[in-house]
Each structure stands twice: as C-alpha cells, then as structure tokens.
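Student: Listed here are the chains, written in short residue letters.
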Amino acid sequence: MSFPHKHILGIEHLSKEDIELILNTAESFKEVNLRDIKKVPTLRGKTIINLFYEASTRTRTSFEIAGKRMSADTINISASASSVVKGETLEDTAKNIEAMNPDIIVIRHSASGAPHYLAKRLDCSIINAGDGAHEHPSQALLDLFTIREHKGKIEGLTVAIVGDITHSRVVRSNIYALNKMGATVRVAGPGTMIPPGIERLGVQVFHNINEAIKDADVVMMLRIQLERQGKTLVPTLREYSQFFGLNTENLKLAKPDAIVMHPGPMNRGVEISSYVADGSQNVILDQVENGVAVRMALLYLLAGSEEAREA
Amino acid sequence: MAKTETVILDQAGVSRALTRIAHEILERNKGVADLALVGIRTGGDHLAEMLRRRILEIEGEELPLGAVDITMYRDDLDSRGSLPMGKTEIPFSLDDKRIILVDDVLYTGRTIRAAMDALIDFGRPRSIQLAVLVDRGHRELPIRPDYIGRNTPTSREEQVKVEFDKNHVPIEVRLIKP
Numbered sequence: 022m023s024f025p026h027k028h029i030l031g032i033e034h035l036s037k038e039d040i041e042l043i044l045n046t047a048e049s050f051k052e053v054n055l056r057d058i059k060k061v062p063t064l065r066g067k068t069i070i071n072l073f074y075e076a077s078t079r080t081r082t083s084f085e086i087a088g089k090r091m092s093a094d095t096i097n098i099s100a101s102a103s104s105v106v107k108g109e110t111l112e113d114t115a116k117n118i119e120a121m122n123p124d125i126i127v128i129r130h131s132a133s134g135a136p137h138y139l140a141k142r143l144d145c146s147i148i149n150a151g152d153g154a155h156e157h158p159s160q161a162l163l164d165l166f167t168i169r170e171h172k173g174k175i176e177g178l179t180v181a182i183v184g185d186i187t188h189s190r191v192v193r194s195n196i197y198a199l200n201k202m203g204a205t206v207r208v209a210g211p212g213t214m215i216p217p218g219i220e221r222l223g224v225q226v227f228h229n230i231n232e233a234i235k236d237a238d239v240v241m242m243l244r245i246q247l248e249r250q251g252k253t254l255v256p257t258l259r260e261y262s263q264f265f266g267l268n269t270e271n272l273k274l275a276k277p278d279a280i281v282m283h284p285g286p287m288n289r290g291v292e293i294s295s296y297v298a299d300g301s302q303n304v305i306l307d308q309v310e311n312g313v314a315v316r317m318a319l320l321y322l323l324a325g326s327e328e329a330r331e332a
Numbered sequence: 114m115a116k117t118e119t120v121i122l123d124q125a126g127v128s129r130a131l132t133r134i135a136h137e138i139l140e141r142n143k144g145v146a147d148l149a150l151v152g153i154r155t156g157g158d159h160l161a162e163m164l165r166r167r168i169l170e171i172e173g174e175e176l177p178l179g180a181v182d183i184t185m186y187r188d189d190l191d192s193r194g195s196l197p198m199g200k201t202e203i204p205f206s207l208d209d210k211r212i213i214l215v216d217d218v219l220y221t222g223r224t225i226r227a228a229m230d231a232l233i234d235f236g237r238p239r240s241i242q243l244a245v246l247v248d249r250g251h252r253e254l255p256i257r258p259d260y261i262g263r264n265t266p267t268s269r270e271e272q273v274k275v276e277f278d279k280n281h282v283p284i285e286v287r288l289i290k291p
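The listed protein sequences correspond, in order, to chains S and E. Quick note on the working numbering: the first sequence kicks off at 22 and runs consecutively. Quick note on the working numbering: the second sequence kicks off at 114 and runs consecutively.
Just to be clear, a hint being listed does not mean it is correct.
[Stated by the list, open to error] The calculated lysine to aspartate or glutamate pairs, modelled on DMTMM-like cross-linking and capped at a C-alpha distance of 20 Å, are: (1) S/LYS59 <-> E/ASP188; (2) E/LYS200 <-> S/ASP124; (3) E/LYS200 <-> S/ASP57; (4) S/LYS60 <-> E/ASP234; (5) E/LYS200 <-> S/GLU232; (6) S/LYS60 <-> E/GLU202; (7) S/LYS59 <-> E/GLU118; (8) S/LYS60 <-> E/ASP189; (9) S/LYS27 <-> E/GLU202; (10) S/LYS172 <-> S/ASP57.
Hints listed in this document are in silico derivations from the structure and should not be mistaken for laboratory results.
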C-alpha cells in the first residue's frame, strides 16, 4: 500500500485517504522531533534539493530540517545566489540539477504552475513549496495537522480565513484540504482582495470580519502580500487593520475555545494584534513545529512511492 | 490455491509460554532491578504488556514499558516502499537499563536489528535481551533470542501469524502453508 503519487503538486489532486495517510505518518515523525537525538536512518542516501526562487524562512528551513533528520542529503539553492541571476532558465537550471541525480526536488517559485512544468520534464519527484498564487500544499497539510491536534478532528468544524484571499496560495490549498476533510470554510476580506467566483470552490464569502469569525472553531489570518503587488488594494494598512484585523475584542466572537492560526510571517498590528499574536489561543508556533513532521511525512511517502520508484 | 492453516499454539499454550518466559526473565536477571520491557509494533507491543502483567503478578513489581515502531529503521524502502507507520513511545530513560525486547515472531532477524538501532538512538541501555513468542528459523543476521515461547521450523513459503483479540490478548499462533 504505497502512496499513489509521484509528486506533491497541490492538494487539489489528493484524495481524503491520501491526506489522512500523510497526517497519520506525520504523527509518527513528530515523535522523532522530540527526542534528544533527532535522527532516523529512513532516507539515508537519498538526495533532496530545495530550489527556492522566493524568500522563505519557515518553509525552506522546515524542509531542510525534515530531510536532514531522516538522514537524507539536503541541499538548498536560493535563486538569488545561483546562476539564475546570470539569466539561466528554469528548465536549464532544473535539468542541470537533475543531472546530479536528486531523488526529490522541492521548489518554490513565483509563477503558478512552475512545479508542474518541472514534473513534466524531469524524472525525479517534485514537491511544490508554493507556486505563485496557486497552491502551497505542505502548508495546508500542516494546518490540517494542527487543527486535528487541537480539536481532535476536522470534519464539521467552521474555519474562517481572513485576508488577501486573491493572492494567497495558502488559502487555495486550505480550501481544497478543509473541504475534502469535511470542514465548513469561510473567507473574508475587502472586496479588492476576494476573487469573484470563489464561492465555486465551496466557501462562504464575507466582507465583514465579525460575521466571518462568529462562532468559528478556527480563525486563520493571512498577511497582506505587500511584496506581491506594487499597487495598494487597501487605502492604508491602518484602515485594513481597523476593519479586518484580529484583536482581543473581535476574537471573542469566535467560539471560546477557538484557535488562531497564521502561516507566517506576521505583520504585527496589521492583520493580527500583538496581544492576540502572543495570546493563549494562538497555535502559530505549533504550526511551525508540525510543519517539520508533515514535511518529513511527505518526503518519506514520496521516496517510498511505487510511482516514484518505477520511473 | 487454498491455504492450509494449522494452530501451532492455542490460547492456553500461549498463556503458559508467556508465564514461563516471565519466570525465565526473572530467574536469569535475578529479579527486576533496572529491567524494562520494550515491545516491537505490532504484536510484540501487546506481548510485552502481557509479560509486564505476569511479572507484576509474580514479583509484585511493575516494569517500565515502551513500544517501538521500526518502520523508519527498515532497510527495504526501495524494494518495499513506504509502509504504514505506528508510533514509538518510550516514556522512560533507557540509559543503564537492561531492556527486554519483545517480538511475536522471529524470522530473518532484520526487524530485531532495526529495533536495536532504534533503541540505541534513544539512549544507552546496559544490555538488550530478546524474548520472542515464536522462532521460525531462517536467520539472515547473527541475532539470537534469549527467551523463546516455541521453536517452529518453517519453510520460506509458509507464514506464521499471531492472532490477537480486540483487547490485544493473544489467542493463538497459526502456521499458514501456501
């Protein structure tokens, strides 16, 4: 019963069973991260290349630690420090790396579809660590893991996601993931930040944070992606914060045991007040901790998948 | 092709074997000092629990109990692929303890090798002894059990299965011929 996929390009094409397998496997790996000697020989001799065309603290470090804890050889390539600055194309970069026989390439790129582009042209397994505004599957999986850890289940929960929905790959992956697992998803943000037609993905749309988070079990705040578009979609950050920021007052509208999540990095005082960011309901650091376990599970399942090995 | 299944140990037989093994452990180790039980998932973990209960009945002492899942330590990722994984739970320090590693069926010895690698990642036990319910032969590594419930010579095509009920109590051991 091996994992029936050669790549992890997005949540859209994963089944509920695939997701449960990933989460259950991640549970076992989480224990490794709590030991004194955080090392298991599972992927000894495997080569994993992290190819990051965009800045990243969490995701890249998380994938690197995940690979190293499983005894794989993990190499990080940051586009800004590579021959990409000399104009080398994505395909050439990838083909040259492939000539060194990696087992898995983890790629983050600003163009939606970049991982799929590589998956069609290379022989090794590809993991999408974030492509443009499209998907960020490992983030959604670690979000699910964290929700399941705190709430015991995902089915039947109400999850409210507030922020720049249009430009968020985290939201898209989470919408697919939460729907597959039976949660109710609400998105909220200013009109300029919610793509028309998003209801078709199976979410309720709100333009008022109070309504969106009322009685929610999970409140997920997103950063305004200032670096992704030069133009402003809100008059000022202060106005955004006034209308869509999470603070101790409006958090009371959610269920009393609601958890607060954020994929990071946070803009303190913009989408989330410092009080809430440092408060007891937030599980943001748990998300990061769980990220390593979930990524270990992904690397393990791909390295051992028949689809990957038969190629 | 129909498979023939024979019961090589029934419930009473399993129970007597476990009682004898518990006594042997206490005899050889001259009591319970620094002893701890670690079962190998799945199967060995339930048997380790049964041994713990027996030892409690005999000596009045409850030994520390852990369970190890060796899926991450296997040597066959490329041939057998990613297998379902259980959780390792060792809620005590292994340092300087005499560990009794427990498994249900001993065959090639590779599972035991993986389990020892896992234990040594957790700490430095003073010694590791091995208790198995059934030894079916065909060792591929230099590994030998200290305590054996039952020796059963088998051929490679056969299988040995230990059945547990829903309370994880061993019911019987079956030999399955193809």
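Student: Just to be careful, I want the Cα atoms of S/LYS27 and E/GLU202 compared with a cutoff of 20 Å; is the pair within it?
Tutor: violated (31 Å)
Student: Just to be careful, I want the Cα atoms of S/LYS172 and S/ASP57 compared with a cutoff of 20 Å; is the pair within it?
Tutor: violated (28 Å)
Student: CA of S/LYS60 to CA of E/GLU202, is that 20 Å or under?
Tutor: Answer holds: S/LYS60 to E/GLU202 is near 16 Å, not above 20 Å.
Student: Can the restraint linking S/LYS59 and E/ASP188 be considered satisfied, given a maximum Cα separation of 20 Å?
Tutor: The hint holds at about 19 Å.
Student: For the pair we were handed, S/LYS60 and E/ASP234, check the Cα-Cα distance against 20 Å.
Tutor: Roughly 8 Å between the alpha carbons, so the hint for S/LYS60 and E/ASP234 holds.
Student: Within 20 Å, alpha carbon to alpha carbon, are E/LYS200 and S/GLU232?
Tutor: The hint is violated at about 41 Å.
Student: Taking only the CA atoms, is the gap from S/LYS60 to E/ASP189 under or equal to 20 Å?
Tutor: Given that 20 Å is the threshold and the Cα spacing comes to 18 Å, the pair holds.
Student: With a cut-off of 20 Å on the C-alpha distance, tell me whether E/LYS200 and S/ASP124 pass.
Tutor: violated (26 Å)
Student: Between S/LYS59 and E/GLU118, is the straight-line Cα distance small enough, at 20 Å or below?
Tutor: Violated, at about 43 Å.
Student: With a cut-off of 20 Å on the C-alpha distance, tell me whether E/LYS200 and S/ASP57 pass.
Tutor: holds (17 Å)
Against the hints set out earlier in the document, violations occur for numbers 2, 5, 7, 9 and 10.
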